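Engineer: The primary structure of each chain is shown beneath.
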Amino acid sequence: MIGIKARTGLSEKQLFDFAVFRFQDAERAGYSEYSYWKSVWRNFVKKKSAVVMLGVFFALFIFTFIAAVIGKYDVRSLRIVDSLMFTRPGREFWFGTDNLGRDYWAQVWHATRTSIILAVSVSAGQILLGVVIGMVWGYVRSLDRFFTELYNLIDNIPTIIYMTLIALMIGKSYTIMACAIIGFGWLATARNVRNLVFIYRDREYNLASRCLGTSLWRILTKNILPYLISVIILRLALAIPGTIAYETTLAYLGLMDISTPSLGILLRNARSYFLDYPYLLVIPASIVSVITVTFYLVGNAFSDACDPRNHV
Amino acid sequence: MSGEAAAARFDEGGIDGRAGLAAGQPILSARDVDVEFTLRGQRLKAIRRCSLDLYDGETLAIVGESGSGKSVFAKCFLGMLDKNGAVTGGTIMYSGRDLAKYTTEREWRAIRGKRIAMVTQDPMTSLNPLKKIGEQIREAIELHQDIHGAKAKREAARMLETVGIPDPERRYNQYPHEFSGGMRQRVVIAIAMACKPQILICDEPTTALDVTIQAQILQLISSLRKDHGMTIIYITHDLGVVAKVADRVAVMYAGQVVEVGMIGEVFFSANHPYTWALLSALPQLGVRGESLPAIDGTPPNLFNRIVGDSFAPRNRKALNIDFIEEPPMFRVSPTHQAKTWLLDPRAPKLDRPESIRHLQASVAQPAWTPPVPDAAPREPLVEVRNMQVAFGGGRKRFVAVHDVSFTIYRGETFSLVGESGSGKTTIGRAILRVNPLSSGEVLYKNRRISGNIDKSLDLEVIRGMQMIFQDPMASLNERAKVDYIISEGLLNHRLYSDEADREAKVRRALDEVGLLPEFSSRFPHEFSGGQRQRIGVARALVMEPEFIVADEPISALDVSIRAQVLNLLNDLKRSHNLTYLFITHDLSVVRFISDRIAVIHKGRIVELADTEELFRRPLHPYTRALFSAAPSPNPNIERGKQLLVYDPAMHDYTTDKPVWREIAPGHFVYGNQRELDRYGREAG
Amino acid sequence: MLKYTLKRLLQSVFTVLLIVTIVFLLLRLMPTDYYFTEDELIKLTDQQKLDRLQAAGLLDHPFTQLGRFYRQLFTKLDLGTSRRVQVNKPVVDLIASKFSISMRLGLTALGISLFIGVALGVSQARFKNGALDHIGTAYTIFVNAVPHLVSYSLVLTFGARMLGLPSLYTMRKPGPSSILPIVCLAMGSIAGYMLWTRRYMVDELNKEYIRLAKLKGLSTGSIMFRHVLKNAFVPLAQYLPYSILLTVGGSLLVERFFSVPGMGPLLTDAISRYDTNLVQAIVMLYASLGIAGVFLGDILMTLIDPRIHLGGKEAAR
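As you go down the protein sequences, you meet chains C, Y and E in turn.
Using our numbering, the final residue of the first sequence is 312, and nothing's skipped along the way.
Using our numbering, the final residue of the second sequence is 684, and nothing's skipped along the way.
Using our numbering, the final residue of the third sequence is 317, and nothing's skipped along the way.
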């Protein structure tokens, strides 16, 4: 007691007097400093592997441009030279040459750039379409039946049929195949988004908006979309390795135009020779793996970071 | 009459706990226990140097709000803290061992179930959905009683019978989803009992259940204790429940026991300002038309270091020393202790609040005079005519509301009381046109608003009728700022002249609900439950409505916050001339807030009357059962009360069809001719 | 129950026919050039080509062709003969000769991966954050992220170079030459079963009833085996019949990669050679198998999860 008096300078009488009540102190007492996105970010950067890989990926992408400049051959002016075929990597051909004697360095980096751009734009297109359709599908009850039937119908036919038909009927060029992949790729995202919208649709804050006469568009953009952002980013991140893998499969099946090299085309070409000339496989395969593993890791790290249960 | 005398009367009444207390030695003794959690990189002190003794054969209730640490404290006795939490100090002595030093699962297995068992809060999720009920009990029996095979099976069936489940042989082979919530909680209790523990911890075992089921479970726990001589720790936030079951009460606040004593001592002669505040904020003790003595502010954030008395910032009569030095436990009587500087001989004398003194009188409500009939005719604002609401179609069709009719008059608070699944929320949402009607109609100011209506009326209805929601955590869009949330209605219909006007309207709405204007730029997660509920009220208020549907607006709030929101609703009613449809399952609130009450059961209104009329002369057997089950915060009343059970099978409606009839002026009942005649005689 | 099964059966038949019809009509949109080999395209005159097409009935209006197709199917249960893949062989026989190879590979791989995948997933969940868990996670990341073409190439290099296994499938040595295709098939599904077993186990472990089991005093081991494992296996079991039936269809990529004469590459081959009868038959087979797989999965669920009843309301979890 003597200690307190010395510390505060109050007499015993004052100590046992009524204090002044401050309303604001009472209100302030119970703040929580929790912020969803801050916690997401903190958890994400904790996943060192994902962050490092993301850095490697960006470096790789930038390097595809540099490589074209420093390389000795330009990808557009490559010629078939029989005498040079299967030259192993060396001073003249840094990555060697392929079965037709063309410089592999120029092809590989050009293919990498093509594949990354294709994967990113196709994935973005898929997700965009999927999110828009999924939100409408999930929120507007009267459309649920229609979209569900449509989904089942498309989903029950092997996609490879559509792809083959499109490739044979319309063409195999990159733009066409990209559009085709988008055209069938939105399904999974839309279904996922729809199931999520189901969870949020009847939350009380949406009822409140309905009582206030809020329009469908405003409800979707203000009340639903912000809750889907984590899922959208996750699906986008996972769609990129998915698209790259799909592209390699399509290329392998001969459904892609071979005149513009992509990583899928290079892998397809390597299939017949790599037991004897492993560099033809190892180089594009490692680059593909770096890209896909990066986005797979990033997606999973992000999804873990978004789970509120991990915010402890 | 003094509180001590009331307490004394209680002790002579043969409460068992006293015997153990007199014998002196506690069977479990926690001393200066600290529990810390690591949350988002920060340390949180959930329990701060908390001490408590448990005596053989008693029922000790631990009361507190959410975050008071009551549940965490009890979990330390079982080693069931979440992974990010740990006991960091103190001792928990139990049969010669210190449980605070236990670390491995192996050590704890010798305690869990065998010595101390626990009944958890949510019966819907606490049973394995893929295992037969009987097998789940048998598992506990085989583990702890050394009985196996067919014998264990018989014993498990016997346990089912003990906890009041009829037809145990058949029930043994059923799965949890075939049981109702109340029945599942009985199974959970049977599992705990099958372990034959010395101590049973009941962690809010009835919070997720309806009042009538709650009363039955409480009765079961009491009878089991008597028959098996168990010691019970009962954790709850509900003082009515405490009044019913406890011999001794410990009140917890911000991780500490602030007052502990025999039940009479805590209810009738409390000494801690927090206990006072908690008791006097109870709506059961309030007088209709007057404000409740609410507790200001919100419970403290345990991330922050707490200096002095943790309740001081919210205590209007705090002393200077309360902000500087933590008070010690003062001993009031051999059984009664309180942690407040007011008990220091140097402190000024402070009388207990008046409402607590009311508690001692058996009748909580003051004398009632019949209302003088208003001279002015009442103006109907909302009329519901033969409303029916059904969900789904075909075989899955489920009728949630059957043929319901009532009128809400301007300026009144009309309450709809019923248990979960009764259809009360559906009625509220159907009036606001969130759920469509299957038949019948809704009139607002004598115009039909159900079905298709033209645009101008639609806008008028949106502006005129608003809703306040149950769960303040779910009813605000977490990803929008308060400013947007409140002005959403204004933006939808451009109900403002310019940006400055909109901001002014938001500021005014915030001010009216007692929030600071600068809150408008924050996100909902920065607010406590009570503050969020106020934001929800402001969102409705900004539309300048005449009619508000309040759907369980306080049931998700902490006890100390409820009174604030009730007062706010009452104040706004007066200042804005509002009319409320108040939907609730909580009988403690309705008498305080409502003018008229409708009781709803299984989608049908069974009785409707003026509040006092209904409480004096409940006619329908369901209303009576509901009233008898509602816990009152007065142990004297609560112990003597007889529980009535309603069984719908008692009505024989095969030939004599039931009707909805006004049996006395303003008093409607649902029943057939024979029943109505009987009700008529009872109503006089 | 019977009524529900019948109703669902009818619905499925309708769906299959709808799918076949759509594919049928889509095929008719293709240019007829694909009907001919490259040699024929050069050698045959336009008139000769037209005559050939006319004889095959491919110049009729698509709906006439469709009517003919269904008449044959319903009256004679005949799906026609292959035109290009194996000339004039009835498509049913053609499929019959191929699916057993695919199924043998597929079922072996499924059995192996179910056993290994679930066992590893359980031990991952049991020793969460242990060394095994991390290795398992790295493996699933590798298999899921890296394109199959790359991982198959790795398997092929390793198997053919280090172990001297045949790099292509041959009918003469079906045993040893099946090993690499089976490894490739199993590699992916092991990762899948591991991932989902682990995830479902961890989900179950966080549930409230596990807390009650702990409160009873059960040890971690018996909680794992008596409570968690069964509950975690339920969602996996739903897709088991589907996966078993789909082994009939083979794997496009693996069979192409190792030149397995199975079902996998048949569909794309048939499309690119305009072998319409074969395409229709295969699509019908795939659709029927898929729908039957889902149905059998639902039936399996009613057997192991007491909350689920066919056709009735699903009880709340």
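Hints listed in this document are in silico derivations from the structure and should not be mistaken for laboratory results.
All values reported here derive from a predicted model rather than from experimental measurement.
Possibly wrong hints are sitting among the right ones.
Straight-line C-alpha distance at most 30 Å; calculated DSSO-like pairs for lysine-lysine [claimed, not checked]:
#1 E/128 <-> Y/45
#2 E/230 <-> Y/153
#3 Y/83 <-> E/128
#4 E/173 <-> E/89
#5 E/89 <-> E/76
#6 C/46 <-> Y/114
#7 E/76 <-> Y/132
#8 Y/505 <-> C/46
#9 E/3 <-> E/89
#10 E/7 <-> Y/396
#11 Y/45 <-> C/47
#12 E/89 <-> Y/101
#13 Y/83 <-> Y/101
#14 Y/481 <-> Y/657
#15 Y/641 <-> Y/657
#16 Y/445 <-> Y/505
#17 Y/153 <-> E/207
#18 E/207 <-> C/47
#19 C/13 <-> Y/349
#20 Y/131 <-> E/207
#21 Y/83 <-> C/46
#22 E/230 <-> Y/196
#23 Y/132 <-> E/128
#24 Y/132 <-> Y/153
#25 Y/396 <-> E/3
#26 Y/349 <-> C/5
#27 Y/445 <-> Y/455
#28 Y/83 <-> E/89
Engineer: Hint by hint, say whether it matches the structure.
Structural biologist: Tested hints:
1. E/128 <-> Y/45: holds (28 Å)
2. E/230 <-> Y/153: Given that 30 Å is the threshold and the Cα spacing comes to 22 Å, the pair holds.
3. Y/83 <-> E/128: With Cα atoms ~14 Å apart, residue 83 of chain Y and residue 128 of chain E stay inside 30 Å; holds.
4. E/173 <-> E/89: It holds: about 26 Å lies between the C-alpha atoms, which stays within 30 Å.
5. E/89 <-> E/76: holds (16 Å)
6. C/46 <-> Y/114: violated (42 Å)
7. E/76 <-> Y/132: Violated - the C-alpha atoms of residue 132 of chain Y and residue 76 of chain E are around 52 Å apart, more than 30 Å.
8. Y/505 <-> C/46: violated (44 Å)
9. E/3 <-> E/89: violated (40 Å)
10. E/7 <-> Y/396: Judged against 30 Å, a Cα distance of about 17 Å means the pair holds.
11. Y/45 <-> C/47: Given pair residue 45 of chain Y, residue 47 of chain C holds - Cα atoms ~28 Å apart, limit 30 Å.
12. E/89 <-> Y/101: Violated, at roughly 80 Å.
13. Y/83 <-> Y/101: Holds - the C-alpha atoms of residue 101 of chain Y and residue 83 of chain Y are around 16 Å apart, at most 30 Å.
14. Y/481 <-> Y/657: Distance ~54 Å between residue 481 of chain Y and residue 657 of chain Y Cα, so the pair is violated.
15. Y/641 <-> Y/657: Given pair residue 641 of chain Y, residue 657 of chain Y is violated - Cα atoms ~33 Å apart, limit 30 Å.
16. Y/445 <-> Y/505: holds (26 Å)
17. Y/153 <-> E/207: holds (26 Å)
18. E/207 <-> C/47: holds (26 Å)
19. C/13 <-> Y/349: holds (13 Å)
20. Y/131 <-> E/207: Given that 30 Å is the threshold and the Cα spacing comes to 14 Å, the pair holds.
21. Y/83 <-> C/46: holds (20 Å)
22. E/230 <-> Y/196: holds (28 Å)
23. Y/132 <-> E/128: holds (29 Å)
24. Y/132 <-> Y/153: holds (12 Å)
25. Y/396 <-> E/3: It holds: about 16 Å lies between the C-alpha atoms, which stays within 30 Å.
26. Y/349 <-> C/5: holds (22 Å)
27. Y/445 <-> Y/455: holds (16 Å)
28. Y/83 <-> E/89: violated (67 Å)
The structure fails hints 6, 7, 8, 9, 12, 14, 15 and 28 (numbered hints given earlier, in ascending order).
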